[in-house]
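Chains R and C are the protein sequences, given in the same order.
Note that the numbering used here has the first sequence beginning at 1, numbered continuously upward.
Note that the numbering used here has the second sequence beginning at 1, numbered continuously upward.
It should be emphasised that the hints constitute simulated quantities derived from the structure, not laboratory data.
No experiment lies behind these values; they were computed from the predicted model shown.
Yeah, the Cβ is synthetic: ideal placement off N, Cα and C, and Gly gets one too.
One or more hints might be untrue.
[Said to hold, decoys possible] A short, non-exhaustive set of chain C residues, derived as facing chain R with CB atoms under 8 Å:
#	residue
1	15
2	20
3	22
4	23
5	211
6	216
7	225
8	229
9	233
[As the list claims (entries may be wrong)] Distance condition first, Cα-Cα at most 30 Å in a straight line; then the derived DSS-like pairs of lysine-lysine:
#	chain 1	residue 1	chain 2	residue 2
10	R	91	C	31
11	R	142	C	31
12	R	118	C	31
13	R	118	C	174
14	R	29	R	118
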Amino acid sequence: MAPTGPGTALPGDLLVELSGITKSYGPVKSLRGVDLTLRRGEVLGLVGDNGAGKSTLMKVLAGAVQHDDGEIRVHGEPVRFSTPSDAQAEKIGIVYQDLALCDTLDVASNLFLGREPKRGAFIDRRAMHEQAARILADLHVKVTSTHQEIGTLSGGQRQTVAIARAVSFAPDVLILDEPTAALAVAEVESVLKLIGDVAAQGVGVILITHRLQDLFRVCDRITVMYEGQSVDDAAIADLDIEKLVGLITRTPQPTRTEGSRA
Amino acid sequence: MSTTQTPPEAPAGPSVQRLARQRSLWERTNKATLVMAGVTLAVFVFFAAADSAFLTFANLSNLATQVGPVLIVGVAMTFVITAGQIDLSVGSIVAFVAAISAQLLVAGWDSSLVMVAALLMGLGWGLVNGWFTAYQGIPAFIVTLATLSVVRGLALFQTEGFSVPIASTTFVAKLGTARWLGFSATAWIALAVVVLGLVLLHATRFGQYVIGIGAAAESVRRAGVNVKLVTMAALGFSGLAAGLAGLLIAARLGSGSANSAQGFELTVIAAVVLGGTSLLGGRGTIVGTLIGALLTQIIANGLTLLSVSPYLTPIITGAVLVLVVWVNLRGRDLAWFVQRLTRRA
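Could you build the full structure based on these sequences and the hints that come with them?
This is the structure:
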């Protein structure tokens, strides 16, 4: 799926490097030193138990939360995000779990919310629907019409529209927070396929999920977090589901696990 | 319904066209509005048959004048309700603007200045409502309930409850009696406001954001839209419309009274909701508001012609409101029922 395998990536392919990221909320240390790398065209699974700090880390990367210490490098350049739009300017997109869609607006209006194509003072609906249709067709998103109201779509369709919206900003990095939670089986398939398609376009995708079987379907690599730290980084080929569970729960496994940090 | 399997992807070209194809007129029509249009037509036909005076040009022109203020404020209220807010203060703003405008004319202000002042007073109260609602986070229901009381109170205080006459030589008074093609200035202005509302709600970003805010304000905010400003603008718009209505009512009556437009806000909200705009926000229709305003005023006008006790009018209007909202809520069941009937036939 990825143009180059994770092992053969050139340094120029590195999109994001996080090192030693920390974040405290008062006395609570949410992040206690996280390292993470993401390459172009790669799908990285970010796993860990509840409270491990996955969502906080992704909010840091998306500019919604400001970290205390550590370094974020995007394309090798150190950056610091004070607002979500700073992160957007560095072409980092995120789809939150609640999707941020408007139920009573149609598909095209949701895709272009906040940046509707205009002709004079008026919305150019024709252009908006044509561009929306092109975006959806490119990503093979299964909706019957761009005029459909979002509220009438299934959970999976809504998820794919939300991802399509994020992708239409042409991000280099796309963060997906639990995109397959609470979806029917067939819908999970279409979301996973979409993730693969997006990565194939050269976008680096970070996937947060509790559905471990999904990780084996689309991910190239897994980063494991435990109590605010990144504790393991492994190619998916070296793992099976039992090893992965062991990495997440930090219970000793009979087999060898490879860890970048102890 | 949505679980049907779509066939394997067609080539990109035709698929893009298929996706972007406009839906049929039937699919796009707000069904609640359609039901209302039917009810309005039925009521219209009923009164036309019941009283020969109803279908005369003089009465229809009079009806258009009566509908005018409700329609002007109703269009603006459609934006407020679609954005998930409510404005209870419009009746008080109408009375305030009517009374104070009349006083300004008595004080010797020129009509042109008074007209500008009337609009600014309405807009000002609307922005007060909007600022407290959008920027201070107080529910619009509470804010406008307070201004409902304060604004009419100020007008009463200022005029001591007396009706202030407007000299018939002033331009404002002439505006009140002016006719063009047999219809009053109020009717024509209301028509212009309807067209403006249609364009604003359905063809501009502002309208799009108003609908979006009513559906999910947080989603619109995350899309980078200034949600607070849009919300304040919607409430400012309804204040402005109330100011315009207040001026036109004073002009038509030839006097401004702090006691006018009692319960006006409820008539307006009823018209908007009857038309199919959702009180929960996120769904609004200007055409519906036009129909809703017509229906409420046709009932009032028709019952007056039939010399029914005037006390019966609010009872019938209220009953129609409940009936129609009930039909709209059960609309899907009703459509299903009709479908079943036609299939069997």
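Structure-based check of each hint:
{"no.": "1", "hint": "15", "verdict": "5 Å, holds"}
{"no.": "2", "hint": "20", "verdict": "4 Å, holds"}
{"no.": "3", "hint": "22", "verdict": "7 Å, holds"}
{"no.": "4", "hint": "23", "verdict": "5 Å, holds"}
{"no.": "5", "hint": "211", "verdict": "6 Å, holds"}
{"no.": "6", "hint": "216", "verdict": "5 Å, holds"}
{"no.": "7", "hint": "225", "verdict": "5 Å, holds"}
{"no.": "8", "hint": "229", "verdict": "13 Å, violated"}
{"no.": "9", "hint": "233", "verdict": "15 Å, violated"}
{"no.": "10", "hint": "R:91 x C:31", "verdict": "42 Å, violated"}
{"no.": "11", "hint": "R:142 x C:31", "verdict": "26 Å, holds"}
{"no.": "12", "hint": "R:118 x C:31", "verdict": "29 Å, holds"}
{"no.": "13", "hint": "R:118 x C:174", "verdict": "41 Å, violated"}
{"no.": "14", "hint": "R:29 x R:118", "verdict": "47 Å, violated"}
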